[in-house]
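A.B. asks: Sequence:
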Amino acid sequence: MAKLLIIEDDGDLQQMLSVTFNRQGYELHYAFNGKEGYDKMLTLQPDVVLLDLMLPVLNGIEVLKLVTANTLLKDIPIIVMTGHGDKADLLEQSIKSQGGRAYIRKPFGLGEIRSLVRRMLIQYPRHPVAAAEVAKGEIRLDIKFRTVWIRDRVVTTLSPMKASLLQVLLESKGSVKREKLLHAVWGRAGNAPALEKTIQRLREDLGDEGRRLQTTSEGYEIVC
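Counting in this note's numbering, the sequence shown runs from -1 upward without gaps.
Where hints are given, some of them may not hold.
Said to hold, decoys possible - The list that follows gives simulated cross-link-like pairs (lysine to any residue, SDA-like), each with its CA atoms no further than 20 angstroms apart:
#1 Lys94 x Thr66
#2 Lys94 x Arg116
#3 Lys94 x Glu131
#4 Lys104 x Asn31
#5 Lys38 x Gly9
#6 Lys171 x Arg209
#7 Lys142 x Met159
#8 Lys104 x Tyr28
#9 Lys178 x Thr155
#10 Lys178 x Leu211
#11 Lys171 x Thr155
#12 Lys134 x Thr155
If you are wondering where the hints come from, they were derived from the structure by calculation, not from laboratory data.
Working from the sequences, and respecting the hints, build out all of it.
C.D. replies: Okay, here's the thing in C-alpha cells:
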C-alpha cells in the first residue's frame, strides 16, 4: 500500500483528495501547514507527497528547499499543487529546480491527479530507508544517535569517527583488514597511526567491553 502525504491548508480540497485516494487504497496522511508537512515527511517517509504552493508557516518553495537539503527526503517525489496560472513555464522551472518532480494547476480533475500520483510511483520508486541500527551478537549501534548498547544496556555514545569505525566492524564477518577500515572511514586521508589511535580510543569508550575489540593478524575484529 503506497503512503501518500497531502500538505494542503484548504480543508475542502483535503476532504476531496482524501475521499478519492482512500477509494484507491492509499495509506493517507495529512498536514495543514508547511512545517507540519515537513515534520511528517521526516517521520512518515511517504512514497508520494502532494504539496500546496501557498501554505502558512512555511510555503511550498520553502518546504522544497528543506527537502532537497535532506538526504533522507530528497528522493521522495513531490507534486506541487498551485493556483498560479500565469507564467506557467517559469513556475514549472522554478518548482523543478527546487526538487519538485511535477506540478498541477488548480482546479484539477480527480482523474488527472490520480494519474499523476500513479506516474510518480512508477517513475520514482522509493528505496528502502537505511537501517536505524547495526548489530552483531549482543552489541548494537544506533547509527543516528551513535549510541552503543550491549545486552540492552547503554555503554557509551561515540564521536562520528569512532561510530563509523564501529559500524564497519559490526557489519563485517570476522576480521576486517586495516586497509578496508582506512578506506571506509577516512578515505584517502587515512593512515595506520590514525587508525590505531582511534581503535584505542574506541576500546576506552567501551570500558570493560573494550576487550571485545580484538587485534588480528590482518586488522581488527569484534568478538561477541
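A.B. asks: Now, for every hint given, state plainly whether the structure supports it.
C.D. replies: Verification of the supplied hints:
At roughly 11 angstroms between alpha-carbon atoms, Lys94 and Thr66 fall within 20 angstroms of each other, so this suggested pair holds. At roughly 19 angstroms between alpha-carbon atoms, Lys94 and Arg116 fall within 20 angstroms of each other, so this suggested pair holds. Restraint check: the Cα-Cα separation between Lys94 and Glu131 comes to about 34 angstroms, which exceeds 20 angstroms; the hinted pair is violated. At most 20 angstroms may separate the alpha-carbon atoms for a hinted pair to count; Lys104 and Asn31 meet this at roughly 18 angstroms.
Under the criterion of a C-alpha separation no larger than 20 angstroms, the hint pairing Lys38 with Gly9 is consistent with the structure, at around 18 angstroms. Simply put, Lys171 and Arg209 have alpha-carbon atoms about 18 angstroms apart, close enough for the 20 angstroms limit, and the pair holds. Restraint check: the Cα-Cα separation between Lys142 and Met159 comes to about 13 angstroms, which is no more than 20 angstroms; the hinted pair holds. Using a Cα cut-off of 20 angstroms, the hinted pair Lys104 and Tyr28 holds, with the two alpha carbons roughly 19 angstroms apart.
With a CA separation close to 24 angstroms, the supplied pair Lys178 and Thr155 exceeds the 20 angstroms bound. Between Lys178 and Leu211, the direct Cα distance comes to roughly 16 angstroms. Compliance with the 20 angstroms bound is thereby established for this hinted pair. Of the supplied pair hints, the one linking Lys171 and Thr155 is violated, its CA atoms being roughly 23 angstroms apart against a limit of 20 angstroms. At most 20 angstroms may separate the alpha-carbon atoms for a hinted pair to count; Lys134 and Thr155 meet this at roughly 17 angstroms.
Going through the hint list in order, the structure does not satisfy hints 3, 9 and 11.
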